[in-house]
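With chain A fixed as given, assemble chain B onto it according to the hints.
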Amino acid sequence: MDLKEKLVSSFLAFENNIDVDHPVHDIRSEAIKNFEIKGFPSKKEEAWKYTSLSGLQKTNFSIFPKEENALEYREVKKYFLHEIDTYKIVFIDGIYSSYLSETTHDGVDVCLMSAALTKPMYRQIIELYFNKVASTEESLTTLNTAFSKEGAYIYIPKNKVPKKPIEILHFSTGNEASLMLQPRNLIIAEENAELQVIERHQSLTENEVLTNSVTEIFAAKNAIVDYYKVQNDTKKASLIDNTYISQKDTSVVKVHTFSFGGKLTRNNLNFYQDGQHIDSTMKGVTILSEKQHVDHHTLVHHKEPNCESHQDYKGIYGERSTGVFNGKIIVDKIAQKTNAFQQNNNILISDKATINTKPQLEIFADDVKCSHGCTIGQLDEEALFYLQSRGIPKKEASALLMYAFANNVLESVRIPELKRRINKLIANKLGVRLGFDL
Amino acid sequence: MLKIDNLHAGVEGNEILNGINLEVNAGEVHAIMGPNGSGKSTLAAVIAGKEEFEVTEGTVILDGEDLEDSAPEERAHKGIFMSFQYPVEIPGVTVTNFMRTAINESRKARGLEEMPANQMLKLIREKSELLEIDRKFLSRSLNEGFSGGEKKRNEIFQMAMLEPKLAILDETDSGLDIDALRIVANGVNKLRSESNAVIVITHYQRLLEYIVPDYVHVLHEGKIVKSGTKELALELEEKGYDWIKNEAVV
Chain A
1 MDLKEKLVSS
11 FLAFENNIDV
21 DHPVHDIRSE
31 AIKNFEIKGF
41 PSKKEEAWKY
51 TSLSGLQKTN
61 FSIFPKEENA
71 LEYREVKKYF
81 LHEIDTYKIV
91 FIDGIYSSYL
101 SETTHDGVDV
111 CLMSAALTKP
121 MYRQIIELYF
131 NKVASTEESL
141 TTLNTAFSKE
151 GAYIYIPKNK
161 VPKKPIEILH
171 FSTGNEASLM
181 LQPRNLIIAE
191 ENAELQVIER
201 HQSLTENEVL
211 TNSVTEIFAA
221 KNAIVDYYKV
231 QNDTKKASLI
241 DNTYISQKDT
251 SVVKVHTFSF
261 GGKLTRNNLN
271 FYQDGQHIDS
281 TMKGVTILSE
291 KQHVDHHTLV
301 HHKEPNCESH
311 QDYKGIYGER
321 STGVFNGKII
331 VDKIAQKTNA
341 FQQNNNILIS
351 DKATINTKPQ
361 LEIFADDVKC
371 SHGCTIGQLD
381 EEALFYLQSR
391 GIPKKEASAL
401 LMYAFANNVL
411 ESVRIPELKR
421 RINKLIANKL
431 GVRLGFDL
Chain B
1 MLKIDNLHAG
11 VEGNEILNGI
21 NLEVNAGEVH
31 AIMGPNGSGK
41 STLAAVIAGK
51 EEFEVTEGTV
61 ILDGEDLEDS
71 APEERAHKGI
81 FMSFQYPVEI
91 PGVTVTNFMR
101 TAINESRKAR
111 GLEEMPANQM
121 LKLIREKSEL
131 LEIDRKFLSR
141 SLNEGFSGGE
151 KKRNEIFQMA
161 MLEPKLAILD
171 ETDSGLDIDA
181 LRIVANGVNK
191 LRSESNAVIV
201 ITHYQRLLEY
211 IVPDYVHVLH
221 EGKIVKSGTK
231 ELALELEEKG
241 YDWIKNEAVV
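Protein sequences appear in the order of chains A and B. Numbering-wise (full-length UniProt numbering), the first sequence opens with residue 1 and increments by one. Numbering-wise (full-length UniProt numbering), the second sequence opens with residue 1 and increments by one.
Only chain A is shown next, with the shape it has when bound in the complex:
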């Protein structure tokens, strides 16, 4: 049985454990129908030309973890941003760990999707927001929707700001030889609300993991959302991240994606601007080695006038790694005075590494500023010589240049401790001490 058949047939078993009378279940039932028709995307589809899921489909993934596993905080402390106090929503093999989590209902809701999907007090919000921005067409998103049950639920009411950043962590313990996870997150920032989220998926063994995650983010008028994705998983962990963001007037949403680890990573990041004077920012640093593969597919849909979008993705590809950047910008006819900026710069440090980069602009308005640029290059020999002539060995000099290349993406990280962490991850990934504290 291949993975698609297994998933479709598991849906019946899944239904045994949930409330099928809840309105969300109709959404799930529709979603599994869509997935059953479409199945996994193949390389014949333009959007999946450079990323193949065929290997993953042959793996016999467990879809429901058999038993709960516990973790001690000290075992996983390093994966938390423990330098500062944070709210934490933690899952172990897809199951909520109350022991490792720190949730709150103090003025804001930082808690669980399973609670939000079942308790009557959340019903109104769920009906307003659940699956309202996520695609009902894209097959992997609908697959996640069909099995949506657990994940992070964050609701920040009008004028509220949580006391601290929120971490969403998914650990897999290797309980199963190969495990498939489908977390579903819903994040709502009402008018004037503000929040910071850090999301991380971490496998703790060399067993195979496939995560197909969907996150919906709603930013109401004037809301500010900073979302950080730290992708530094093991060489056996694959991630398909589907993030959908709906923004209203004058809201500011920034998503930073740091991709250093993992086997296969696909980021589908979709922004929909449903208002005016919106700012949407996407930034990414990708540093790959061995046979790693990361595919960034971004979409910004400018649906109203006077909005901005900024995209800045930097990639460093070594050994036999492969990267993809596909940045789609749609500017509707009504969306005059749009300012859309897109930049993708890449360095190949190995003859065997590959990057496919493609801007995709569909502009129907006539009074807009849209710029895009992609570069693919090697390290600047003159710069390398400059550093070497100051006594810095070639390897360290290369690392310093790569660090400098990626660095400006970090300027907009607003949590200093996180910035320091990412800097360290970059230095580690580049394999050198930079000779100074980051």
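Worth flagging that the hints you see were computed from the coordinates, not collected in a lab. There's no promise every hint is true.
As the list claims (entries may be wrong) - Pulled from the structure, derived: some chain A residues nowhere near chain B, Cβ distances all over 12 Å:
1) 36
2) 52
3) 115
4) 119
5) 121
6) 305
7) 395
Said to hold, decoys possible - Dumping the calculated SDA-like pairs for lysine to any residue here, alpha-carbon to alpha-carbon at most 25 Å:
8) A:395 to B:77
9) A:78 to A:53
10) A:236 to A:53
11) A:419 to B:11
Unchecked claim - Okay, the calculated beta carbon distance ranges per label pair:
12) B:140 to A:84: 26 to 32 Å
13) B:237 to A:319: 51 to 57 Å
14) A:380 to B:186: 29 to 35 Å
15) A:290 to B:186: 48 to 54 Å
16) B:243 to A:380: 50 to 56 Å
17) B:178 to A:424: 43 to 49 Å
18) A:333 to B:11: 31 to 37 Å
Ideal Cβ positions, reconstructed from N, Cα and C, are used throughout, including at glycine.
Then chain B, alone, in the frame of chain A:
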């Protein structure tokens, strides 16, 4: 200290240096002048070990040691410093962090411990005062957004920090106004000692009014065609390079 013997070097089969002979002793300042394209900057880069250039014949010897197989960083560790005509911008790495990395790498190569932070700060303070560099400047990204003058001053600041045996200043005067030129030259003069040497590469005589050379060499078509004392520089200024070119042909 430095002995260059019959040096031939070029890039992809094009010979640029065509048999250079030069000897520089400790305590001396040598000026190398010459028209554009005569090979001045190539000579500097070859001494500093730039891999792009291939040495086809001859030797560069520093303190009795042939540098042929030394990488640029190894030459730096042995005490060679080159001030760049076009210093490279390194965003995200501050001047201070860059110097700390450079100094500690050199110390490591010499088998020394890393320099303690307080000592490093003291050194940075001392040397930045020497070059009249504002402290704020030190926490800016290396060369990023620096004016031409700031870049050159920063080059000499790096020289002051690294205390090289042999400093090669490649067109350090280009793009400098008279005040900046004076500060840079002053810095170089204060760093001069009996145990180090300086090679000043320049197109014009102007810088040599401030950094007074013991010897002046004129480079033409990859060869030193004339050597003399500082008066030679004045003569060149007066007569222009055509005079040398004509003489070389004869």
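Q. Would the least Cβ to Cβ distance between residue 36 of chain A and chain B come out above 12 Å?
A. holds (49 Å)
Q) Does 29 to 35 Å hold as the CB distance between residue 380 of chain A and residue 186 of chain B, or does it fail? A) Since residue 380 of chain A and residue 186 of chain B have Cβ atoms about 32 Å apart, the given range 29 to 35 Å holds.
Q) residue 121 of chain A clear of chain B by more than 12 Å, beta carbon to beta carbon? A) holds (47 Å)
Q.
Just to be careful, I want the Cα atoms of residue 395 of chain A and residue 77 of chain B compared with a cutoff of 25 Å; is the pair within it?
A. Within the cut-off at roughly 16 Å; holds.
Q. Honestly, do residue 333 of chain A and residue 11 of chain B meet the 31 to 37 Å range at C-beta?
A. Distance hint for residue 333 of chain A, residue 11 of chain B is violated at roughly 55 Å.
(Q) Tell me if the beta carbons of residue 243 of chain B and residue 380 of chain A are separated by a distance inside 50 to 56 Å. (A) Given about 39 Å between the Cβ atoms, the range is violated.
Q. Holds or violated: residue 419 of chain A with residue 11 of chain B, Cα cutoff 25 Å?
A. Measuring from Cα to Cα gives roughly 43 Å; hence the hint is violated.
(Q) A cut-off of 12 Å on Cβ-Cβ distance, and residue 115 of chain A was said to be off the interface with chain B. Does that hold? (A) Holds: least Cβ distance 43 Å, greater than 12 Å.
Q. Are residue 236 of chain A and residue 53 of chain A close enough, with their CA atoms no more than 25 Å apart?
A. Cα-Cα ~14 Å, so holds.
Q: Quickly compare the C-alpha distance for residue 78 of chain A and residue 53 of chain A to 25 Å and report which way the hint goes.
A: violated (31 Å)
(Q) At 12 Å, judged by beta carbons, does residue 305 of chain A keep clear of chain B as stated? (A) holds (34 Å)
Q | Status of the given 26 to 32 Å range, CB of residue 84 of chain A versus CB of residue 140 of chain B | A | holds (28 Å)
In terms of the numbered hints stated before, the structure departs from hints 7, 9, 11, 16, 18, listed from lowest to highest.
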